[in-house]
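*Asks:* Since the structure of chain A is already known, use the hints to place chain B on it.
There are 2 protein chains.
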Amino acid sequence: MANSLRVRGILETSVYVDDLDRAHAFYGDILGLERMVSGDRLSAYDAAPGETLLVFLRGATSQDVPTSGGLVPGHHSEGPSHFAFKVAKADLNAWRAHFAQAGVSIVSEVTWPAGGVSLYVNDPDGNVVEFAAPALWPNYRE
Amino acid sequence: MANSLRVRGILETSVYVDDLDRAHAFYGDILGLERMVSGDRLSAYDAAPGETLLVFLRGATSQDVPTSGGLVPGHHSEGPSHFAFKVAKADLNAWRAHFAQAGVSIVSEVTWPAGGVSLYVNDPDGNVVEFAAPALWPNYRE
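Protein sequence lines, in the order shown, are assigned to chains A and B. With the first letter of the first sequence counted as 1, position 27 gets the number 27 in the working numbering; the numbers rise by one all the way through. With the first letter of the second sequence counted as 1, position 102 gets the number 1102 in the working numbering; the numbers rise by one all the way through.
For reference, chain A alone in the conformation it holds in the complex (with noise of 0.2 Å):
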């Protein structure tokens, strides 16, 4: 492979859902996302420039798409799938107060080898969903 011949980075990341407007009471109004586009099979959200959070209706996303750019090919999850937002490390409080505020429990707390500390919740769904302040990876330090 040419050595410049690399990935820029995540575009979109995918949770899987049996109710889209539950969905949005958990990721729009509690996480404060911005719904992009809201259709009968997803919504897409911003989670930072770049960065999309798609939230897909279960089982109604396994048929290719015909789209007049092309096929967009189908796909589907079954089960609570994980996924992790970056939050610093200053707003943990904070969150861990916005939670409890808006009746979402935070299942475990974890604090890392390398000193950062992720809290997890579940959506609506039962996926599990991480709010993790550095430092964790190796590429996600303070």
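Calculated from the structure, these hints are not laboratory results. Predicted model only: the values in this text are computed from it and were never measured. Yeah, the Cβ is synthetic: ideal placement off N, Cα and C, and Gly gets one too. Be careful, since some hints might not be right.
SDA-like mimics (lysine to any residue), calculated; alpha carbons at most 25 Å apart, straight line [claimed, not checked]:
| id | chain 1 | residue 1 | chain 2 | residue 2 |
| --- | --- | --- | --- | --- |
| 1 | A | Lys-89 | B | Met-1036 |
| 2 | A | Lys-89 | A | Trp-112 |
| 3 | B | Lys-1089 | A | Ala-48 |
| 4 | A | Lys-89 | B | Ile-1030 |
| 5 | A | Lys-89 | B | Lys-1089 |
| 6 | A | Lys-89 | B | Val-1072 |
| 7 | A | Lys-89 | A | Asn-122 |
| 8 | B | Lys-1089 | A | Gly-69 |
| 9 | B | Lys-1089 | A | Leu-5 |
| 10 | A | Lys-89 | B | Arg-1006 |
| 11 | A | Lys-89 | B | Asp-1046 |
| 12 | B | Lys-1089 | B | Ile-1030 |
| 13 | B | Lys-1089 | A | Ser-4 |
Counterexamples of contact, computed for chain A against chain B with all Cβ distances above 12 Å [as the list claims (entries may be wrong)]:
| id | residue |
| --- | --- |
| 14 | Leu-20 |
| 15 | Asp-21 |
| 16 | Arg-22 |
| 17 | Glu-34 |
| 18 | Asp-40 |
| 19 | Asp-46 |
| 20 | Gly-74 |
| 21 | Asn-122 |
*Replies:* What follows is chain B alone, placed relative to chain A:
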């Protein structure tokens, strides 16, 4: 929610596979991602600064994992899920050539209304991996 309380983007994106070595031939060897952590139940790849791709061994992540710093909640997923890497528009032809040379079929190409182009390939487990050049979402422009 206090106006200042915002996630800072997505740290971890997950994909589930049945064989970590076979997955590494794709994510490590063909895509050139650096594997930061190699374990029995996951590989962690550096997708970009502060962006980690977690490749989980399906069936090995369902149980909570006790650590000295706290309990890491279990999760799992069945089925070919979806996520997307960012690529530069100027690199699209190089990616097409690279996939051809590596024996990876491009299962679809999509030109988006905003002008971006996505190449879709399957990883060895059939996960739908997109390589997306801008412009696509409102937060992903050139």
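*Asks:* Each hint: holds or not?
*Replies:* Checked hints:
1. A:Lys-89 x B:Met-1036: This hinted pair holds, its Cα atoms lying about 22 Å apart.
2. A:Lys-89 x A:Trp-112: holds (13 Å)
3. B:Lys-1089 x A:Ala-48: holds (20 Å)
4. A:Lys-89 x B:Ile-1030: Distance of about 35 Å is beyond 25 Å: violated.
5. A:Lys-89 x B:Lys-1089: Not satisfied, since the Cα-Cα distance of roughly 35 Å exceeds 25 Å.
6. A:Lys-89 x B:Val-1072: Holds, at roughly 19 Å.
7. A:Lys-89 x A:Asn-122: holds (20 Å)
8. B:Lys-1089 x A:Gly-69: Holds, because 16 Å separates the two Cα atoms, which is no more than 25 Å.
9. B:Lys-1089 x A:Leu-5: holds (12 Å)
10. A:Lys-89 x B:Arg-1006: holds (12 Å)
11. A:Lys-89 x B:Asp-1046: The hint holds at about 21 Å.
12. B:Lys-1089 x B:Ile-1030: With Cα atoms ~19 Å apart, Lys-1089 of chain B and Ile-1030 of chain B stay inside 25 Å; holds.
13. B:Lys-1089 x A:Ser-4: holds (13 Å)
14. Leu-20: holds (16 Å)
15. Asp-21: About 19 Å separates Asp-21 of chain A from the closest Cβ of chain B, which puts it past 12 Å; holds.
16. Arg-22: With a cut-off of 12 Å, Arg-22 of chain A remains clear of chain B, as the shortest Cβ separation is near 19 Å.
17. Glu-34: About 8 Å separates Glu-34 of chain A from the closest Cβ of chain B, which leaves it inside 12 Å; violated.
18. Asp-40: Consistent with the label, Asp-40 of chain A stays out of reach of chain B, its closest Cβ about 17 Å off (over 12 Å).
19. Asp-46: Its Cβ does come within 12 Å of chain B, the nearest being 5 Å, so this is violated.
20. Gly-74: Nearest chain B Cβ is 8 Å from Gly-74 of chain A, so the label is violated.
21. Asn-122: About 8 Å separates Asn-122 of chain A from the closest Cβ of chain B, which leaves it inside 12 Å; violated.
The structure shown violates the earlier hints numbered 4, 5, 17, 19, 20 and 21.
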